[in-house]
Amino acid sequence: MKKLTYLSAAAATVLAVSLTSACNSSDGGSDGPIKVGSINGITGLFQTPEVPKAVKAVFEEVNAAGGINGRKLELISKDDAMDPSRSGQAARELIQSNGVVALAGSSSAVDCGLNRATYSKEKIVSVPAIGVDPACFTSPNIAPVNPGPYALTTAMLYYASETLKRDKVCLDYTVLPGSGGGIEGAIKKWTEITGKTLTHKNLAVGQGDPTRYLVADKNAGCQAVLYNATVGPWFAQAKTQGMQKVDFILAANSYTDANAKTIPADMTAWAGTEWQPYTDPTLPGNDRWAKIVESNGIQKTAFSQGAVMAADIFVQVLKTIKGDITRESVTKAFKEMKPINYPMVGTPYVFGPGNEHNPIQGSRFVKADKGGWKVLPGGFTVPGKN
Amino acid sequence: MVNSVIAGLTSGGGYALLGLCVVLTYRLVAVVNFAMTAVGAMGAFVMVSLTDDGMNVWLALPIGALSAALLSGLLGAALVRWFSGHRERTKAAVTVALFVALSAIGLRLFGSNSTGAHQFPNPFGDPVFTVGGVVVPQSVLVSLAFALLITLAVGLLLTRTRIGLKLQALSERPSTAEVVGIPAPRLAVGVWAGVGAITMLVIVLVAPRLGGDFGALSGLISTALAVAMVGAFRSLPLTLVGGLILGCLEGLSSSVDSIQKYQGVVPFLVILVLLWWRSRREVWDTAHSR
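Heads up: the protein sequence lines correspond to chains R and Y, in order.
Per UniProt numbering, numbering of the first sequence is gapless, rising by one per residue and ending at 386.
Per UniProt numbering, numbering of the second sequence is gapless, rising by one per residue and ending at 290.
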């Protein structure tokens with residue numbers, strides 16, 4: 001009898017646990033808030049605290065207007081501090097415990113690479129605000145709203161050779177582990193489009209005195225140098241080495257107000273941006289972003305542009321869903337969505353059914369001028385697009 | 001390639017200075033201080049946070065140096081209080097733990113600097129002369145002069161002054177030194193504080209060239225230790241030369257395409273080769289003494 005009681009208790013516990021987990025892993029349901037996840041770097045080496053704030057602000061705007069089919073949007077943001085174990089745990093918690101229908105506005109440097117398999121297995125889509133890792137652009141269930149470092153590199157090379165008409169183009173990059181192939185692919189794409197090759201390349205620019213890299217560029221006769229690492233010491237030493245006639249083209253991560261102040265007045269520096277340059281709120285699409293961040297006291301950065309865009313795209317696709325908003329219906333809607341023209345970027349955004357997604361292409365360029373950035377006319381440079 | 005070696009040499013002065021700070025701590029208080037650059041970086045970032053807020057650099061500099069001295073003195077006091085009777089390796093292990101803790105705190109407080117948020121003043125950035133295709137700025141000469149000054153001044157202090165004698169006694173036999181009336185704990189804490197302030201000044205000097213990122217600056221300890229190993233943690237002139245050699249090796253490794261990916265390994269390779277070389281001699285000596 002006693003044994004039977006134990007067995008009954010055990011069975012009841014198992015049942016309770018399975019019911020709880022079934023409830024927790026519910027993928028949306030038809031009432032209550034629509035739970036949306038995101039994995040962000042709030043602490044650690046790659047910090048983007050403004051991203052979840054901006055996504056939340058867009059969701060609150062939607063909620064204030066009645067939500068989606070009467071249901072409110074709820075953002076659950078997890079900080080992974082660029083720590084692989086925390087990132088994996090965050091994805092599992094969001095999907096299994098929190099029961100999110102999708103991920104929108106992620107901005108972690110390690111999320112895509114670590115969690116791509118989980119997203120595919122769980123049949124859940126992610127629309128990151130910022131894709132950094134190559135896996136963000138080569139996974140069936142992830143499609144970021146930024147061009148990413150690879151499409152951007154092709155655009156920067158194209159700008160150097162075709163717009164600035166420089167014959168000797170060089171590249172000095174700090175490359176994250178596992179990203180070297182992506183950069184090589186971006187260079188190859190530029191060669192295919194233009195028929196040109198790099199004069200000098202260093203994909204191992206490290207921390208420390210940049211003089212040795214600059215001297216190598218000088219020796220190679222570089223007329224334009226693409227660069228993606230710490231700006232201040234680089235330009236201070238480039239000035240010392242007398243490289244005032246070289247066009248330095250910086251990647252989007254260097255496009256900040258503070259960096260503009262570190263560039264000496266007699267040096268020439270350009271920066272490739274992933275969205276319409278954030279320093280000019282009057283540009284197409286920037287008015288909406290500026291309104292959201294200003295009214296919510298959020299820092300004005302390019303990252304917060306990606307956040308607003310990811311949230312807007314997510315809401316637009318959600319509004320097309322007829323019937324219940326569940327993980328399954330959201331995934332289906334993204335895989336079958338029609339391209340959305342979002343004025344803040346160079347090409348339309350589409351998720352689609354493919355195994356790789358890099359829908360946003362092209363870059364708009366700004367020039368360092370008197371301690372700030374001057375937006376150049378000419379719109380987006382999209383390599384290979386006539 | 002020659003130009004790259006010369007370019008590397010320009011950062012050698014800074015490396016020499018950091019190596020000298022390691023040797024100085026070891027010779028005076030018999031501790032291999034892994035937390036040294038993290039402490040210096042803390043002071044440097046206190047300074048740069050004040051200058052970013054508009055404070056005059058000449059006012060912020062002593063405040064930063066003082067904060068590094070206080071922090072270093074505090075660590076020294078903790079080591080003297082709780083670990084004075086322990087072996088050198090235990091003390092070194094304590095400083096490794098402190099390095100990890102300080103790096104985490106520093107990164108949290110001052111963040112990464114890819115956005116260019118903190119700007120270190122660069123008063124010695126103007127060019128002085130050109131060697132090959134490399135323009136040499138004033139900061140290189142200032143680093144070298146500072147390194148020479150430390151080498152000479154500390155050498156004289158240790159061999160020609162009474163306090164130097166006391167410091168040597170303190171490093172060799174702290175307990176005996178205390179018995180003969182040398183105020184060992186106070187002197188040791190003073191040394192820690194002094195080295196903390198000097199390290200902060202060195203970090204401020206090299207930061208405009210090496211990047212104003214807390215992680216990068218505190219991580220300079222690996223280079224500093226490699227340089228100190230060249231001088232076997234004793235010889236100040238050899239440490240000075242070690243800094244210059246390491247700079248040249250870095251420049252050389254970045255100029256060769258096939259090995260440029262591995263240039264960060266240079267300090268570790270130097271440490272490894274020197275350890276092997278020295279242990280080889282010890283084995284040789286041991287074999288002959290039998």
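Calculated from the structure, these hints are not laboratory results.
Here the structure is a predicted model, which means the values were calculated and not measured.
Honestly, I wouldn't trust all of these hints.
[Stated by the list, open to error] Here are the simulated EDC-like pairs of lysine to aspartate or glutamate, each with C-alpha atoms no more than 16 angstroms apart in a straight line:
hint, chain 1, residue 1, chain 2, residue 2
1, R, Lys168, R, Asp247
2, R, Lys261, Y, Glu172
3, R, Lys261, Y, Glu88
[Claimed, not checked] Derived, one-sided and incomplete: chain R residues facing chain Y with beta-carbon distance under 7 angstroms:
hint, residue
4, Ile42
5, Ala204
6, Asp209
7, Thr230
8, Ala236
9, Gln241
10, Gly297
Backbone N, C-alpha and C fix where the C-beta goes; we use that ideal spot for every residue, glycine too.
The hints, checked one at a time:
For the hint pairing Lys168 (chain R) with Asp247 (chain R), the CA-to-CA distance comes to about 11 angstroms; that is within 16 angstroms, so the pair holds. A hinted pair counts as satisfied when its Cα atoms are at most 16 angstroms apart, and Lys261 (chain R) with Glu172 (chain Y) does not qualify at roughly 51 angstroms. Our distance criterion of 16 angstroms between C-alpha atoms is broken by Lys261 (chain R) and Glu88 (chain Y), whose separation comes to about 46 angstroms. Annotation: interface hint on Ile42 (chain R) violated; nearest CB of chain Y at approximately 11 angstroms, more than 7 angstroms.
For Ala204 (chain R), the interface hint holds, since its Cβ comes within 7 angstroms of a Cβ in chain Y; the closest pair sits about 4 angstroms apart. Given hint, Asp209 (chain R) at the interface with chain Y, holds; its Cβ is 4 angstroms from that chain's nearest Cβ, closer than 7 angstroms. Below 7 angstroms, beta-carbon pairs count as interface contacts, and Thr230 (chain R) has one with chain Y at about 5 angstroms; its hint therefore holds. Taking 7 angstroms as the C-beta contact cut-off toward chain Y, the hint placing Ala236 (chain R) at the interface holds, the least distance being around 6 angstroms.
With a cut of 7 angstroms, the hint placing Gln241 (chain R) at the interface with chain Y holds, because the nearest CB-to-CB distance is about 5 angstroms. Contact between Gly297 (chain R) and chain Y, as hinted, is not supported at the beta carbon level, the nearest pair being about 19 angstroms apart and thus beyond 7 angstroms.
Checked against the numbered hints given earlier, the structure breaks hints 2, 3, 4 and 10 and satisfies all the rest.
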